[in-house]
Amino acid sequence: MGTITQCLCYNCFQQRESSEGPCPYCGFDLEENVKKFPVALRAGTVLNNRYIVGRVLGQGGFGITYLSWDTKLQAKVAVKEFMPGELATRVDGTTVSILADSKTEAFTYGAERFQEEARTLAKFMGQPNIAGVTDYFDENDTSYFVMDYIEGISFKTYIANHGGKVSVEEALNVMIPVLQALTAVHAEGFIHRDVTPDNVYITKDGVVKLLDFGSARYSIGDKSKSLDVILKVGYAPKEQYIRRSRQGPYTDVYSCAACFYAAITGYLPPESLERLDKDELQPISQLGIDIPDYLDRAILKGLAVQPEDRFQSAAEFLKAIEQQQVVEVPSSGNEPAAHSPSKKRAPALIAGIAAALVLVAGIGIFMGGGSGQENGEGNSGGKNRPLIQAEVPSITIQGQEYSTDLRDLTLENMNLTDEDIQDLKYMVNLSQLRISQSSITNLAPLSGLTNLEDIRITESPDLTDLSGLANLTNLTDLDLWSVGVSDLSPLSGLSNLEYLRVEGPNIGDLTPLSSLTGLQELSLQTEGYGLSDISPLSSLTNLVSLQLSVTGRNYGDINDLSPLTGMTKLRSLNIRAGNVSDLSPLSGLTELTNIYLYGQMEISSLEPLRNLTNLTELTLQGGGNELRMEIDSLGGLENMTKLQRLQLDGLTGVTDLSPLSGLTRLTYLSLNDLTSLSDLSPLSGLTMLQELYLNSASQSYLGSVTDLSPLGSLTELRVLTLYSLEDIDGLDFMKNLTKLQEFRISDRGTRNVYVDISPLAELTELQILDLACEVSDLTPLAGLTKLRTLNVRGDFPSVEPLRSLSSLVELTMLTDIVTDISPLADLTGLRSLSITNYQETITNYSSLSALTGLQTLDLRGRGNTPIDPWS
0 MGTITQCLCY NCFQQRESSE GPCPYCGFDL EENVKKFPVA LRAGTVLNNR
50 YIVGRVLGQG GFGITYLSWD TKLQAKVAVK EFMPGELATR VDGTTVSILA
100 DSKTEAFTYG AERFQEEART LAKFMGQPNI AGVTDYFDEN DTSYFVMDYI
150 EGISFKTYIA NHGGKVSVEE ALNVMIPVLQ ALTAVHAEGF IHRDVTPDNV
200 YITKDGVVKL LDFGSARYSI GDKSKSLDVI LKVGYAPKEQ YIRRSRQGPY
250 TDVYSCAACF YAAITGYLPP ESLERLDKDE LQPISQLGID IPDYLDRAIL
300 KGLAVQPEDR FQSAAEFLKA IEQQQVVEVP SSGNEPAAHS PSKKRAPALI
350 AGIAAALVLV AGIGIFMGGG SGQENGEGNS GGKNRPLIQA EVPSITIQGQ
400 EYSTDLRDLT LENMNLTDED IQDLKYMVNL SQLRISQSSI TNLAPLSGLT
450 NLEDIRITES PDLTDLSGLA NLTNLTDLDL WSVGVSDLSP LSGLSNLEYL
500 RVEGPNIGDL TPLSSLTGLQ ELSLQTEGYG LSDISPLSSL TNLVSLQLSV
550 TGRNYGDIND LSPLTGMTKL RSLNIRAGNV SDLSPLSGLT ELTNIYLYGQ
600 MEISSLEPLR NLTNLTELTL QGGGNELRME IDSLGGLENM TKLQRLQLDG
650 LTGVTDLSPL SGLTRLTYLS LNDLTSLSDL SPLSGLTMLQ ELYLNSASQS
700 YLGSVTDLSP LGSLTELRVL TLYSLEDIDG LDFMKNLTKL QEFRISDRGT
750 RNVYVDISPL AELTELQILD LACEVSDLTP LAGLTKLRTL NVRGDFPSVE
800 PLRSLSSLVE LTMLTDIVTD ISPLADLTGL RSLSITNYQE TITNYSSLSA
850 LTGLQTLDLR GRGNTPIDPW S
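Going by numbering that gives the first Met the number 0, the sequence shown opens with residue 0, and the numbers climb by one from there.
Hints listed in this document are in silico derivations from the structure and should not be mistaken for laboratory results. Watch out, some of these pointers could steer you wrong.
Pairs of lysine-lysine residues, derived as DSSO-like cross-links and limited to a Cα-Cα distance of at most 30 Å, are as follows [what the hints assert, rightly or not]:
{"hint": "1", "residue 1": "75", "residue 2": "203"}
{"hint": "2", "residue 1": "71", "residue 2": "122"}
{"hint": "3", "residue 1": "75", "residue 2": "34"}
{"hint": "4", "residue 1": "237", "residue 2": "277"}
{"hint": "5", "residue 1": "785", "residue 2": "71"}
{"hint": "6", "residue 1": "35", "residue 2": "102"}
{"hint": "7", "residue 1": "122", "residue 2": "203"}
{"hint": "8", "residue 1": "71", "residue 2": "738"}
{"hint": "9", "residue 1": "641", "residue 2": "738"}
{"hint": "10", "residue 1": "738", "residue 2": "318"}
{"hint": "11", "residue 1": "568", "residue 2": "237"}
{"hint": "12", "residue 1": "237", "residue 2": "318"}
{"hint": "13", "residue 1": "203", "residue 2": "164"}
{"hint": "14", "residue 1": "641", "residue 2": "568"}
{"hint": "15", "residue 1": "35", "residue 2": "75"}
{"hint": "16", "residue 1": "164", "residue 2": "237"}
{"hint": "17", "residue 1": "318", "residue 2": "122"}
{"hint": "18", "residue 1": "122", "residue 2": "734"}
{"hint": "19", "residue 1": "318", "residue 2": "164"}
{"hint": "20", "residue 1": "75", "residue 2": "122"}
{"hint": "21", "residue 1": "164", "residue 2": "277"}
{"hint": "22", "residue 1": "122", "residue 2": "641"}
{"hint": "23", "residue 1": "71", "residue 2": "203"}
{"hint": "24", "residue 1": "122", "residue 2": "738"}
{"hint": "25", "residue 1": "785", "residue 2": "75"}
{"hint": "26", "residue 1": "237", "residue 2": "641"}
{"hint": "27", "residue 1": "203", "residue 2": "318"}
{"hint": "28", "residue 1": "785", "residue 2": "738"}
{"hint": "29", "residue 1": "203", "residue 2": "35"}
Required output: the full structure, derived from the provided sequences and hints.
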């Protein structure tokens, strides 16, 4: 990475005589951009030895998007950087540094989701209505991906420029391509979750593009509640407001229908949650607009409140429109009002008002930012309660005035002190309070605010005293993330709590929670030791979700699961355990859909789980320095036909995979520590699998597996890992796995047989290839131009076939007969290169000087000794 020293405009990228002031060609002023985005990369920074960073296009809570110049293609591109402001900061103008060790897990998780978003978009490069990813890489201790730069305007701006609404024909011209894009997205098993007019762009050539696949942003919210999904009122269906509600393609259908409705009428449809009690959505035809009956009905069906009443995918919605089907519209139970919507309800005009951003926290919703202005939404109890006359009409916090009539108040990123919040005691009408990044130590000023129903305080590590909450018996939701709390006793009387999350150091005594029998969701995260006795939780029989975890360690201290026996409503269980050996306490929890147990468990049998037939995800993962799980049979899994994701460690005694043969909904399967496997045929019918991992125990073989042909029917596979086979007879089974993107295989056999890799030649979607087996010819790899990571070993005579792999970022080779490595000089995108040449047949490394983007170079010869290529 470097910095451009020539004088460029970082908007139009034309050369200038001086960097001072606005650009004489386009008028762009860099100084203003820098002031607006102070944590962004310096303009002129070169990424991946290719992309010159220009002005900031936008910044959100999870990253920054830059206009950049691709020096290879001589074209503008958009580069997205993973830079979550709540978790990381910028040092030295370039490197992204995590703010604290406690945030490492959330940052890593978020980065993985960001990378997943890049991989997702890369799948759609051939779809003309999706702005696909052209490159992605890691640098500056974070991740980046590169997209085509879309020059045009958003559909939102287009609507505004046309007086606040558009014709039916114009709406169809834009939204049909959006539905076509979503049809491709849904076919790959993904959903967008944020289809709104500001994420739909119309290029200067008139091509419609769907942007901003927010999967990374949304998924981080699952891991760290400080990074919640951002929703837009009017476009979000009810399932996006409800914590852990299942979402699917029908979620995008609702948002598309809302785009239609808003674009044609100029009004947002009523908010989905409001429509649960009384649905006042009016057909477009009743608003004085001429619209075909088939389209009017299709939009109403797409806007159905209940997911099952909508079209179930974009393809269904698109088909109904293109074939002009007159569909049945679900009854709302209420006749539409006869008056104009402007008289009944004051909808947000999309022409003049940006769609309100709403942060989701449980079932309630609240406004972001620090203004504290009331949005008129929130928990229904607080919204409908008559206002109380406060002692003073308003209070002032850090120079900002807040009315004491407010029901919802958000104070974010203000570094509040105990003194700053003293006057909160006058905010007697508050039902919802949000505080983040503060230095407060106690909540005493809240003690008299008995109308509070929902409190969320995050990133306030000095907060240790919760006694101010003891009298707030109307609280239903309490979220305390990244605080200093260890003592939970002040919570013991909050009998109306339904949701509780606490992340603090040394939480050990759970006795105060035993009286909270109305709890439905409980999440406790602590550091170090102490969280071992969970018996006080046995009375929480209304729990639907339970998460108990320890940070900084790869296992916990919970050894006994028997207190869970009575939690028959439990659907999600996530525990970082200790020496758990008995799963029988879970046998009666038949509502469970998700189990994640991680730790130094000593489990030997899966039979206690036999009746858990509603499971969709099951993970039993060993932890610690030694494997203690020794499962000898998969018996107990046969009837779990709803399973979609399965990961099991400690399968040292398993010889038979037949209990898995009926689990045909599986999309992810990871079986680890196998040592006695011989037959893979039970897997042949699992045709929905997208990821398959079969791994042996340390220093052991997978078993006596030699026939890999049963895997040939798994044509949906994107990832396949096979470690460690005793011997590999061939890879012919892979010819039909044309969707494969990652393949890893290792051979610990003793036959020294070369593996014919010619079947890989047709797998042109491969991006990661790890061949830890003997290879004699690299020619089949020449056409795998999407490869980014390659690990190969063997007595291949030439590396010439690698010359065409221009996307390679990481290359690892072990070879003893290659003499000429000059073809590698063309791999200018390489950032990591490792060559082991024990026989030292390679004598000239000068060609590597062309690889100016290398960050890591490791060359080794006889005895694994390092080689200096320039000596």
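Tested hints:
| no. | hint | result |
| --- | --- | --- |
| 1 | 75 to 203 | holds, 14 Å |
| 2 | 71 to 122 | holds, 22 Å |
| 3 | 75 to 34 | holds, 23 Å |
| 4 | 237 to 277 | holds, 14 Å |
| 5 | 785 to 71 | holds, 17 Å |
| 6 | 35 to 102 | holds, 26 Å |
| 7 | 122 to 203 | holds, 24 Å |
| 8 | 71 to 738 | holds, 28 Å |
| 9 | 641 to 738 | holds, 24 Å |
| 10 | 738 to 318 | holds, 27 Å |
| 11 | 568 to 237 | holds, 22 Å |
| 12 | 237 to 318 | holds, 24 Å |
| 13 | 203 to 164 | holds, 20 Å |
| 14 | 641 to 568 | holds, 18 Å |
| 15 | 35 to 75 | holds, 22 Å |
| 16 | 164 to 237 | holds, 25 Å |
| 17 | 318 to 122 | holds, 23 Å |
| 18 | 122 to 734 | holds, 20 Å |
| 19 | 318 to 164 | holds, 25 Å |
| 20 | 75 to 122 | holds, 21 Å |
| 21 | 164 to 277 | holds, 26 Å |
| 22 | 122 to 641 | holds, 27 Å |
| 23 | 71 to 203 | holds, 23 Å |
| 24 | 122 to 738 | holds, 10 Å |
| 25 | 785 to 75 | holds, 22 Å |
| 26 | 237 to 641 | holds, 25 Å |
| 27 | 203 to 318 | holds, 28 Å |
| 28 | 785 to 738 | holds, 12 Å |
| 29 | 203 to 35 | holds, 27 Å |
Of the numbered hints given earlier, the model fails none.
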